[in-house]
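**Q** Residue numbers (our numbering), protein chains in the order written: chain P, 1 to 118; chain S, 1 to 580.
Calculated directly from the structure, the hints in this document are not laboratory data.
Check before you lean on any hint, since a few could be wrong.
[Said to hold, decoys possible] With the Cβ distance kept under 8 Å, some of the chain P side facing chain S (calculated, not the full set): (1) Ala12; (2) Leu46; (3) Ser77; (4) Ala78; (5) Leu81; (6) Val83; (7) Leu89; (8) Val92.
[Said to hold, decoys possible] Counterexamples of contact, computed for chain S against chain P with all Cβ distances above 10 Å: (9) Ala58; (10) Thr117; (11) Gly160; (12) Gly330; (13) Tyr413; (14) Phe465.
[Unchecked claim] Looking from chain S toward chain P, a few residues come up when the C-beta cut is under 7 Å (computed): (15) Leu14; (16) Ile18; (17) Glu146; (18) Phe150; (19) Gly162; (20) Leu176; (21) Arg519; (22) Val552; (23) Ser559; (24) Leu568; (25) Trp571.
For every residue, glycine included, the Cβ atom is placed at its ideal position computed from N, Cα and C.
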Amino acid sequence: MSGGTLFGLCAALLVGVGLYGMVANAHPLRKILAFNIVGSGVFLLLGAIARRGAAAGLGGDPVPQALLITGIVVAFSATALAVAVLLRLFDVTGSVTLSADAPAKPDADAAEAPARPT
Amino acid sequence: MTTPGGLLLALAVLVPFIGVLVGLVLGGRNAQRVAFLTMAVGFGVAVAVADHFLRSGAPVVYLLGGWSPPLGVALRADALAVVMLLVVAVVIFGIGVYACADFGTPSGAREARAPLTYWLLLMAVWGSLNLVFVSGDLFTLYVALELLTFAGVPLVSLEGRGETLRAALRYLLFALLGSVLYLLGAVLLYGAYGTLDIALLAAHIRPDPATLAAAALMTTGLLAKTALFPLHIWLPPAHAGAPAAASAVLSALVVKGSWFLVVRLWFDVMPGVITLSAAQLLAGMGAAAIVFGSIVAVRQERLKLLVAYSTLAQIGYLFLMFPLAFDAGGTALVHGGALTGGLLQAISHATAKAGMFMAAGLIYAALGHDRIADLGGVARAMPVTVLTFAVAGLALMGVVPSGAYLAKKLLLYAADDSGQWWWTIVLQGGAVFTAGYVVLVLVNALRRGDGPVTLVVRVSRRSEFAALALAVCSLLLALAALGPVAGDLVSNPLAPAELASTLLTFAGGALLALGFARRSLLVPGRADADAGPVRRGMVAVGTAVANADVLVRRWPSASVAMLAVTALFGWALAAGAMSN
Numbered sequence: 001m002s003g004g005t006l007f008g009l010c011a012a013l014l015v016g017v018g019l020y021g022m023v024a025n026a027h028p029l030r031k032i033l034a035f036n037i038v039g040s041g042v043f044l045l046l047g048a049i050a051r052r053g054a055a056a057g058l059g060g061d062p063v064p065q066a067l068l069i070t071g072i073v074v075a076f077s078a079t080a081l082a083v084a085v086l087l088r089l090f091d092v093t094g095s096v097t098l099s100a101d102a103p104a105k106p107d108a109d110a111a112e113a114p115a116r117p118t
Numbered sequence: 001m002t003t004p005g006g007l008l009l010a011l012a013v014l015v016p017f018i019g020v021l022v023g024l025v026l027g028g029r030n031a032q033r034v035a036f037l038t039m040a041v042g043f044g045v046a047v048a049v050a051d052h053f054l055r056s057g058a059p060v061v062y063l064l065g066g067w068s069p070p071l072g073v074a075l076r077a078d079a080l081a082v083v084m085l086l087v088v089a090v091v092i093f094g095i096g097v098y099a100c101a102d103f104g105t106p107s108g109a110r111e112a113r114a115p116l117t118y119w120l121l122l123m124a125v126w127g128s129l130n131l132v133f134v135s136g137d138l139f140t141l142y143v144a145l146e147l148l149t150f151a152g153v154p155l156v157s158l159e160g161r162g163e164t165l166r167a168a169l170r171y172l173l174f175a176l177l178g179s180v181l182y183l184l185g186a187v188l189l190y191g192a193y194g195t196l197d198i199a200l201l202a203a204h205i206r207p208d209p210a211t212l213a214a215a216a217l218m219t220t221g222l223l224a225k226t227a228l229f230p231l232h233i234w235l236p237p238a239h240a241g242a243p244a245a246a247s248a249v250l251s252a253l254v255v256k257g258s259w260f261l262v263v264r265l266w267f268d269v270m271p272g273v274i275t276l277s278a279a280q281l282l283a284g285m286g287a288a289a290i291v292f293g294s295i296v297a298v299r300q301e302r303l304k305l306l307v308a309y310s311t312l313a314q315i316g317y318l319f320l321m322f323p324l325a326f327d328a329g330g331t332a333l334v335h336g337g338a339l340t341g342g343l344l345q346a347i348s349h350a351t352a353k354a355g356m357f358m359a360a361g362l363i364y365a366a367l368g369h370d371r372i373a374d375l376g377g378v379a380r381a382m383p384v385t386v387l388t389f390a391v392a393g394l395a396l397m398g399v400v401p402s403g404a405y406l407a408k409k410l411l412l413y414a415a416d417d418s419g420q421w422w423w424t425i426v427l428q429g430g431a432v433f434t435a436g437y438v439v440l441v442l443v444n445a446l447r448r449g450d451g452p453v454t455l456v457v458r459v460s461r462r463s464e465f466a467a468l469a470l471a472v473c474s475l476l477l478a479l480a481a482l483g484p485v486a487g488d489l490v491s492n493p494l495a496p497a498e499l500a501s502t503l504l505t506f507a508g509g510a511l512l513a514l515g516f517a518r519r520s521l522l523v524p525g526r527a528d529a530d531a532g533p534v535r536r537g538m539v540a541v542g543t544a545v546a547n548a549d550v551l552v553r554r555w556p557s558a559s560v561a562m563l564a565v566t567a568l569f570g571w572a573l574a575a576g577a578m579s580n
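Bound conformation, chain P alone:
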């Protein structure tokens, strides 16, 4: 197995694990972490592509590396924003649950919807 294939498979694994985490975990912080795992998978794939695309005696294709740095900055900002909103949500409501439909909304919309455990 060549290095490129190995890195590609690792990237696919990370994306899969991360997607599962985003779907299956109820806790928002775990979703944020899972998002970062998917992101790592994508960046790893980009790195592998950069290595594979190397030509003319260069160590690697430089364009994906520039994209990668930008992508990491964007993912970092997204994480920071999500954590900030999450902290604020905890400060205001005292809980971090995302399922908002059931609990204490005094209007009739919520009253008619069947209550369910969150």
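We have chain P already, so just place chain S on it with the hints.
**A** Frame of chain P, contents of chain S only:
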């Protein structure tokens, strides 16, 4: 090559972001002044870009730093981009005028958090949208899309209440899931072609497995950000919970960013790779969104939620054009009448929905509540605002001479030409569903109240007229399009055929409203149990649809739906590639 006027494209993006930075530094009341100054300059830039485009007749291009693709990054403004630049500049100005009343810094205070944030984010949304329109490569588009989300999310939670924070977090997390799928697709494309430049990709694209996977991933990611049914988990709470001036931005403009990107991807990057079955799937989701969103909208008790669900239905409309835009052989998407129709629909919705949300916000502010059943008498107290709602509703329904009318006409022609009669039914029926919730609100607003309506707050005249102006823009859009489009498409609104179709639409809408409304329209106090069998049946259907909506909007089902939609698109694309 950079064309004359190319630098204007960089300015179109930079001016709003300079506005953000200057506004942040000067702070307080000055942020609002800077915002209006930015709007003036930005509008000038958009007009100048349009002027260059019209004079040269070719896309305006700017190469950043003089580096040409694939190493460098190009900004390009074609006809689509130019139109959207202008429309967004106008709508941002309208919303800005409206927002002066809600987000003026209170006298006495030097700086208040919500107004400062609002004006900065308004500029940030604008700058990101402009970047979406002029970007010439898929990675810059990814960054633009993320900027748009980062500017949109805090708009949801401007008031800082728990439920709006929760709505913002849901929006952010689901949008992140969507954007990571988009990025994965972009990376796959880079791996296959070694460039992300749209023009270069379009020249080399071929239907191999990596490209098909990328197309499915990117499309689904963008649909999650656009909130097309069944990926609308975040839209209703986010759009209904935000203050009206912010909801107008989110609903009229922010969802158009990712929609525009789907258009770019399908029409400009991979027109020959996209198959007719994939387009049918996309438009099918749109048709489902229209039926589903409209029924749930009629079932709402609160006006802002009704308008939010109406957005969900209208987003469905925006995707109907895709199967109609194929060439004669059904092999490739082409720029033509159907795309023009889709674009008109987007513009029409941007202006009308902004007006509608503002009207809903004014009613909420003035009455202190927005319960639809208790709107009686409001038409007498706030005639301009109720008129705004009615005009916006007519524009959304596609009554002559609204933009949606012209759009519908173009799409109907395309459907006839390609023999896809089923989309004719959806296009005609969609207007009836729209009429359903418009009639519901108007009947309640025009009803005589139990006593004189007490207004909690006197709403600002300027805000009322800003909302009305945007709604009227949408209603008269077809007249503005008379120049470029053949004149025989617009007929006299009082001609018998047009009048009959308008009345039929209204009658159908009234029947829907009568059947699905939560409270009986004719006899407000009557319980559903005493109603006839038809009404009881429709109430049962409405309740079932509303419950299904609750189910679809739970996180696990929505995210699994996203993966399923990806798989479906992959299948639809691969099946087409194999049969070719």
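**Q** Hint by hint, note whether the structure agrees.
**A** Hint check:
no.: 1; hint: Ala12; in the structure: 10 Å, violated
no.: 2; hint: Leu46; in the structure: 5 Å, holds
no.: 3; hint: Ser77; in the structure: 7 Å, holds
no.: 4; hint: Ala78; in the structure: 6 Å, holds
no.: 5; hint: Leu81; in the structure: 6 Å, holds
no.: 6; hint: Val83; in the structure: 10 Å, violated
no.: 7; hint: Leu89; in the structure: 4 Å, holds
no.: 8; hint: Val92; in the structure: 5 Å, holds
no.: 9; hint: Ala58; in the structure: 27 Å, holds
no.: 10; hint: Thr117; in the structure: 13 Å, holds
no.: 11; hint: Gly160; in the structure: 7 Å, violated
no.: 12; hint: Gly330; in the structure: 34 Å, holds
no.: 13; hint: Tyr413; in the structure: 41 Å, holds
no.: 14; hint: Phe465; in the structure: 31 Å, holds
no.: 15; hint: Leu14; in the structure: 18 Å, violated
no.: 16; hint: Ile18; in the structure: 20 Å, violated
no.: 17; hint: Glu146; in the structure: 5 Å, holds
no.: 18; hint: Phe150; in the structure: 6 Å, holds
no.: 19; hint: Gly162; in the structure: 4 Å, holds
no.: 20; hint: Leu176; in the structure: 5 Å, holds
no.: 21; hint: Arg519; in the structure: 10 Å, violated
no.: 22; hint: Val552; in the structure: 12 Å, violated
no.: 23; hint: Ser559; in the structure: 4 Å, holds
no.: 24; hint: Leu568; in the structure: 16 Å, violated
no.: 25; hint: Trp571; in the structure: 18 Å, violated
Comparing the model with each earlier hint shows violations of hints 1, 6, 11, 15, 16, 21, 22, 24, 25; every other hint is respected.
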